[in-house]
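Since the structure of chain S is already known, use the hints to place chain D on it.
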Amino acid sequence: MRHYENLVIVKPTFTAEEIQASIKAIEEVITSNGGEIATTSAMGMRKLAYPIDKNERGYYHVIYYTIAPSSISEIERRFRINEDLLRFVTIKYDTNREIAAWNKLVEKAQKASAAPAKEETPAAETETPATEAPAATEAPVTEAPATEAATE
Amino acid sequence: MSEKRKYKKRYCKYCEAKVDFMDYKEVGALRFSLSERYKIMPRRLTGNCKRHQDMISAVIKRARAAALVPYTVTRKAVVTQPFENLR
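Chain order of the listed sequences is S and D. Every number in our numbering is 178 more than the matching position in the first sequence, counting from 1. Every number in our numbering is 110 more than the matching position in the second sequence, counting from 1.
Chain S on its own, in the form it takes in the complex:
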């Protein structure tokens, strides 16, 4: 078993329920291949640094898990097929130092999910660029998918 982290970016055109459903499907892919999810952390809807498939925004979600190294290729294959995802980034934590960092990150993510109110404030701050006025007005992350659906 090796420690991994996966960051996935879900399409912003979905509603909140659809995003949660697709994230659940993603986690299902990991668990069905023998992975153990340590924790997850939602970074929320945020502006992409550059457009991906003409999308300016995306829903970021991070999954920390342990899995046998041979299963990673299968997971990545499934992610590539999945059209809900704009992008995924898989990070391997191999050395002792990296595993220590992984444990720290997991702890941090668990603390953040325990206090969701605290998690929302930094995410809201990232969505206040002067170039995008509508994004600046909507402060909480939970509302972001709904407003996005309304504009579509």
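Take the hints with a grain of salt, since some may be wrong.
Claimed, not checked - Below, in silico cross-link-like pairs of lysine to any residue (SDA-like), each with a Cα-Cα straight-line distance of 20 Å or less:
#1 S/270 x D/141
#2 S/225 x D/141
#3 S/225 x D/184
#4 S/282 x D/138
#5 S/282 x D/130
#6 S/289 x D/136
#7 S/282 x D/185
#8 D/160 x S/273
The set of hints was computed from the structure by calculation and includes no laboratory data. On a predicted model such as this, the values are computed, not experimentally measured, just so you know.
Chain D alone, transformed into the frame defined by chain S:
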């Protein structure tokens, strides 16, 4: 000449802070090693040691893949506000 003074080579800030691991998701921490146009700053200007420069370059490349940091910026994007998204 003025540029040379601005980035006087002194010491590795990451060594001083005893950084062992960098997280690519904390984009605010990457600002120090990025130029205005989001290029990776060379070691001769930032004073990073080789070990930490290797770490930061790997981390920045990960952040670019995750669309947290842009690969390139156009002139228009530079003028508006550099690092607006990295806070």
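Going through the hints against the structure:
1. Using a Cα cut-off of 20 Å, the hinted pair residue 270 of chain S and residue 141 of chain D is violated, with the two alpha carbons roughly 24 Å apart.
2. For the hint linking residue 225 of chain S to residue 141 of chain D, the alpha-carbon distance of about 17 Å falls within 20 Å, and the restraint holds.
3. About 17 Å separates the Cα atoms of residue 225 of chain S and residue 184 of chain D, which keeps this hinted pair within 20 Å; it holds.
4. A C-alpha spacing of about 19 Å is found between residue 282 of chain S and residue 138 of chain D, which places the hinted pair at or below 20 Å, so the restraint holds.
5. Distance restraint check for residue 282 of chain S and residue 130 of chain D: the Cα-Cα separation of roughly 12 Å lies within the 20 Å cut-off, and the hinted pair is therefore satisfied.
6. The hinted pair formed by residue 289 of chain S and residue 136 of chain D meets the criterion: a straight-line CA distance of about 17 Å does not exceed 20 Å.
7. Taking the CA atoms of residue 282 of chain S and residue 185 of chain D, the gap is near 39 Å; set against the 20 Å cutoff, the hint is violated.
8. The hinted pair formed by residue 160 of chain D and residue 273 of chain S meets the criterion: a straight-line CA distance of about 19 Å does not exceed 20 Å.
Hint violations for this structure: numbers 1 and 7, all remaining hints satisfied.
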